[in-house]
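Trainee: If you want the building blocks of each chain, they are given just below.
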Amino acid sequence: MMTSLGPYASFIVTSYAAAALVVAILIGWVVLDHRSQTRRLRELDRSGITRRSGRSATDTPRTITRTIT
Amino acid sequence: MTLIDLANPTRFLALTARVLPWLAAATVALLAIGLYQSAVAPDDYQQGATVKIMFIHVPNAWLSMFVWGVMSIASLGTLVWRHPLADVAAKAAAPIGAAFTFLALLTGSLWGRPMWGTYWEWDARLTSVLILFLMYLGLMALWRAVDDPARAARAAAVLTLVGAINLPIIKFSVDWWNTLHQPASVMRMGGPALDRSFLIPLLVMAIAFTLLFVTLHLAAMRNEILRRRVRSLQMIQASRIAFSSELGAGPREGSASKGAGTA
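Chains A and Y, in that order, are what the protein sequence lines are. Note that the first sequence covers residues 0 to 68 in numbering that gives the first Met the number 0. Note that the second sequence covers residues 0 to 262 in numbering that gives the first Met the number 0.
Derived Cβ-Cβ restraints for the label pairs, each shown as a range:
#1 G5/A to A149/Y: 48 to 56 Å
#2 A17/A to G137/Y: 18 to 26 Å
#3 I164/Y to A17/A: 27 to 35 Å
Covered stretches of chain A, as calculated for chain Y (at least 3 residues, CB under 8 Å):
#4 13-19
#5 36-48
Honestly, the hints are just simulated from the structure, not real lab data. Note that the coordinates shown come from a computational prediction; the quantities given were computed from them, not determined experimentally. Ideal placement from N, C-alpha and C gives every residue a C-beta, glycine not left out.
All chains should be modelled from the sequences, with the hints used to inform the complete structure.
Mentor: Right, here's the structure in full:
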């Protein structure tokens, strides 16, 4: 594969590797941030802090869907 | 479901829960197809195999401007229509746009070294895209610097709309100035100048990266809504603690002042 990329293979491979790394960082940031916010909401829920609507702070989108439909 | 319905964050969360898995699957599938087509694409008669870098450079360069365009529309939503999710959309898009702009600069630089003989040249296109990247970073810093999301949103919206002036400068920089960067070869009058063997992988990768942006943006918006929910609940918690400590401290303060009066 590397030989078919010619004399500039290192530039091509570095470009694709950098793109893969940046995309992986973006995905990781989104996933970890979601976990962090969900965990903080759960902690608040456990300490008895609820939303004005009366819903649990840890309402998952699935339970919300069930509530509004 | 209309745009007005989506003004309700709870409805928006329900929508993201439904569409995110499908969007993620479509993104992975299109990226796989695009990467395969990029791998089997022939070498260019001038660029050789380095033309493969274009299949990631060009989509990222397009998206760097597209994301700022999305943020500009969201900023109008904040300032004009006061849509509750407009500033959430703008804030969530900024890091993703910055990442795409960084990739456009990096891959362009890696293509430039073998083709132009230099990693960087202070020409109009490269410099205006670098300014766009710095504006993304500035906007992210502004969001972090102001505690109140509503105040930060207005300041960021104004900055975003002012920064949108850079978009036509980037687009037409290759026509207005004598630059090392080549002029447009896909989005131009008279149709694309590219051969189908390059154009198809390029368009597939462009759609794949656009889908990636939509997926990440919706997920980041969902996170931002949850973050604001956490913030408001923490404020309720803090006010309850302050109220209960005030109740507890009340009689003591009274007796202290009585003591001071008698002394």
